[in-house]
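Fit chain R to the known structure of chain A by using the hints.
2 protein chains.
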Amino acid sequence: MEFMKGIIEKEIAGIQEIGEAKEGALAKTEGMIHSIRRMGEISFVILRRRDGLLQTVYEEGKGDLDIRGLKEGDAVQVLGVVRKEERAPHGAELRLEKVRILSEPSEPLPLPVDKWKLSSSLEARLDMRPISLRNVRERARFKIQEGIVKGFREFLYGQGFTEIHTPKIGAKSAEGGANIFKLAYFHKPAVLAQSPQLYKQIMVGVFDRVFETGPVFRAEKHNTKRHLNEYVSLDLEMGYIDGFEDIMGMETALLQHILKTLETEYRAELDILKVTLPSADQIPAVRFDEAKKLVSEKYGRPIRAPFDLEPEEEQLIGKYFKEEYGADFVFVTHYPSKKRPFYAMDDESDRRYTLSFDLLLNGMEITTGGQRIHDYKKLLEKIYDRGMTEEGLETYLDAFKYGMPPHGGLGIGLERLTMNLLGEDNVREASLFPRDMNRLKP
Amino acid sequence: MEFMKGIIEKEIAGIQEIGEAKEGALAKTEGMIHSIRRMGEISFVILRRRDGLLQTVYEEGKGDLDIRGLKEGDAVQVLGVVRKEERAPHGAELRLEKVRILSEPSEPLPLPVDKWKLSSSLEARLDMRPISLRNVRERARFKIQEGIVKGFREFLYGQGFTEIHTPKIGAKSAEGGANIFKLAYFHKPAVLAQSPQLYKQIMVGVFDRVFETGPVFRAEKHNTKRHLNEYVSLDLEMGYIDGFEDIMGMETALLQHILKTLETEYRAELDILKVTLPSADQIPAVRFDEAKKLVSEKYGRPIRAPFDLEPEEEQLIGKYFKEEYGADFVFVTHYPSKKRPFYAMDDESDRRYTLSFDLLLNGMEITTGGQRIHDYKKLLEKIYDRGMTEEGLETYLDAFKYGMPPHGGLGIGLERLTMNLLGEDNVREASLFPRDMNRLKP
Chain A
89 MEFMKGIIEK
99 EIAGIQEIGE
109 AKEGALAKTE
119 GMIHSIRRMG
129 EISFVILRRR
139 DGLLQTVYEE
149 GKGDLDIRGL
159 KEGDAVQVLG
169 VVRKEERAPH
179 GAELRLEKVR
189 ILSEPSEPLP
199 LPVDKWKLSS
209 SLEARLDMRP
219 ISLRNVRERA
229 RFKIQEGIVK
239 GFREFLYGQG
249 FTEIHTPKIG
259 AKSAEGGANI
269 FKLAYFHKPA
279 VLAQSPQLYK
289 QIMVGVFDRV
299 FETGPVFRAE
309 KHNTKRHLNE
319 YVSLDLEMGY
329 IDGFEDIMGM
339 ETALLQHILK
349 TLETEYRAEL
359 DILKVTLPSA
369 DQIPAVRFDE
379 AKKLVSEKYG
389 RPIRAPFDLE
399 PEEEQLIGKY
409 FKEEYGADFV
419 FVTHYPSKKR
429 PFYAMDDESD
439 RRYTLSFDLL
449 LNGMEITTGG
459 QRIHDYKKLL
469 EKIYDRGMTE
479 EGLETYLDAF
489 KYGMPPHGGL
499 GIGLERLTMN
509 LLGEDNVREA
519 SLFPRDMNRL
529 KP
Chain R
89 MEFMKGIIEK
99 EIAGIQEIGE
109 AKEGALAKTE
119 GMIHSIRRMG
129 EISFVILRRR
139 DGLLQTVYEE
149 GKGDLDIRGL
159 KEGDAVQVLG
169 VVRKEERAPH
179 GAELRLEKVR
189 ILSEPSEPLP
199 LPVDKWKLSS
209 SLEARLDMRP
219 ISLRNVRERA
229 RFKIQEGIVK
239 GFREFLYGQG
249 FTEIHTPKIG
259 AKSAEGGANI
269 FKLAYFHKPA
279 VLAQSPQLYK
289 QIMVGVFDRV
299 FETGPVFRAE
309 KHNTKRHLNE
319 YVSLDLEMGY
329 IDGFEDIMGM
339 ETALLQHILK
349 TLETEYRAEL
359 DILKVTLPSA
369 DQIPAVRFDE
379 AKKLVSEKYG
389 RPIRAPFDLE
399 PEEEQLIGKY
409 FKEEYGADFV
419 FVTHYPSKKR
429 PFYAMDDESD
439 RRYTLSFDLL
449 LNGMEITTGG
459 QRIHDYKKLL
469 EKIYDRGMTE
479 EGLETYLDAF
489 KYGMPPHGGL
499 GIGLERLTMN
509 LLGEDNVREA
519 SLFPRDMNRL
529 KP
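Line order of the protein sequences matches chains A and R. Count the first sequence with my numbering and you get residues 89 to 530, in order. Count the second sequence with my numbering and you get residues 89 to 530, in order.
Isolated chain A (complex conformation):
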């Protein structure tokens, strides 16, 4: 009987190992041929690996190796001699001794993925996603996106949050509204989750603090640079708060941790993209009505709709706080009640407003959060006030009927945050396979 005991070890060196190896050492590695530059008797064969680009060198007439058959897109295993070379990306290159082709493409690459910057349009790059992502800059964005999610989870584990997984198919929408994808579930009408909102609140009654990272679905008929119809939501919800300031404080510390994770563990990708991260050391918090007034006064923009915040106003708020306080992030608090869902807690001192907030980064909303109603009777009142009924909310309401601590939470749009951190102007740049009104594939 054969037994599996663990990873089948191989003598494959990574780029760091090759960089640290002694001059003259033999090293074996593998990767995909990213580019070949033929310079007469010498050729540079650049390998693309998960840990970066590795320069290998072929010298004609050395040994009986012949690289004429090699081409971009070949997956290869190579054996070579380590040579220190300051101009090489990691301070060392490999002088090729042997090359074994593991697999070959059928056609030449349709995009010059080895170029530093792909010049193709966004549409073309999205259509050719499996290939365009092989460009080192294109893929670096998604490594950074990984870092955001990793930092999010690590921080919350450390703060006593429990990770949960809630269903994406349900009988009724959590938040109501028209922007819901509908489907037939064994002949019963069903919907796709717009957010894990009601479930994460229910789970505060179980674990006090919970988080989830997962897809959400919005059938919004928006085709803008900042909307996706499916995106990844980073959600958290926490009990035993004194007020929504506790949520903003938690998010501030969370962002600090995420930024630190990127600075330390994703340095290479930040450098590839020449990204300078914003600072979340101190984030100003300003009331919704106050923010509108400040912006109106400074930029001479009349307040047209006192209970609405238009995208241009968001941008100006971002500009204002950058100019006045050097701030990249801004909390805008006390959103109008009529703009918030039924579960938002109203401000007792002025019930037109809620104890809630948005977080703006560079003038764009990346988070919505706030305190929720925890009292069963107040929740019912709010539901009736809105002309809603308890139908479809029975289980949610049970959690409150039998006792819930004061609580609140937030949701961060992963692609929005990624886009803003990277300084991209279209959220599709921050989604591997974006879904919008016109794009259902690849």
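If you are wondering where the hints come from, they were derived from the structure by calculation, not from laboratory data. Incorrect hints may have been included.
A pair counts as met if it fits within one copy or between any two copies, since identical chains are not told apart.
What the hints assert, rightly or not - Mimicking SDA-like on lysine to any residue, the simulated pairs with C-alpha atoms at most 25 Å apart in a straight line are: (1) Lys238 <-> Ala341; (2) Lys313 <-> Met525; (3) Lys276 <-> Val224; (4) Lys231 <-> Arg355; (5) Lys529 <-> Leu271.
It should be emphasised that the depicted structure is a prediction, and the values quoted were computed from it without experimental measurement.
Just chain R now, with coordinates in the frame of chain A:
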């Protein structure tokens, strides 16, 4: 201007801190009243917190505190004096000085959540999920489920895998078949992802090694104890493999890491549930046809369908390897080609079988994996052989046309693994809010 600078610190002690505090120290904590036992002049008020149960004690006539108004389901903040007490769960209890009620339930609890074991039926517990999960044993399962996912990701980050997020709504199903949920996507026909299979393969061409944890959707008309129609799939895919043994080796090491994570970081929950974890130190690997023969011979069960594995046969394979080798896990390799999807790599030495495997735990499949076809022409051949067309697979095929390394991967059903590790007999016990043919809520 107000600035948020990080977590708003509070003097709230956790259970561990209280256990480590000095006799007579004052401590403030918060939680939900899990149970009240009134014993005449003394009452025990058990608080449920995210970190466990804490015993607090009220003595009549001490101070001007009166706990007559307290009830189960109240969320409270308490101040008390630490008293070492060996019989208390964490070696210390809190003698109450002050109690502040943060919120109150509207009705008495409909389930005795403070009982050690809830006696209600599975159906009743699922219907009342927000409340039944407040039982300490019920919730412990999902803490352990968190540990599985945490261990999965930690291990793969360490092995150079990149985490990806792929869309759950698509134009066409990855794997074909009838078990697909359909929906209208802005008037275009669309489907929910049965797995991230094609995307994770595409991403091997970008990052060499990738993983994803996310929901998958199967419209299977099975109503069994081991099927869910929505579940969480732990997926990985890796390039530059020599054979599918590399995948099995990686999974073995992965399971070892997950089990170690549970043993060390989730000890409390394992103890609550009295779970003894299986061993993944060495996992036997047996061919599909050989396994059928062994089981047939030992248990006198004639082989009816040589290319099928029935659930009872899986169970017997589990039994056989437990009896003969003391093994909890078994890899069953070389599944018949006709039982595997088009992308599975056939065994060149006998094309009726594939270079693939299932992993059984206690006789139940928890993983399907294997090597995939990486050669563009062979992949096309297989597609045509199956009577399929390239339609809807264009982007997937592009990845191969322009070069893909040899690769393979696997998917683990999170709820199945959880269920088996916990020794539960119904997969619904391992899903917070299960979705089956009859259950679309809560």
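A quick look at each hint next to the structure:
1. Lys238 <-> Ala341: Result: close both inside a copy and across copies, 15 Å intra and 21 Å inter.
2. Lys313 <-> Met525: within (12 Å within a copy, 39 Å between copies)
3. Lys276 <-> Val224: neither (46 Å within a copy, 34 Å between copies)
4. Lys231 <-> Arg355: within (11 Å within a copy, 33 Å between copies)
5. Lys529 <-> Leu271: Both: 19 Å inside a copy, 15 Å across copies.
The structure shown violates just one earlier hint, number 3.
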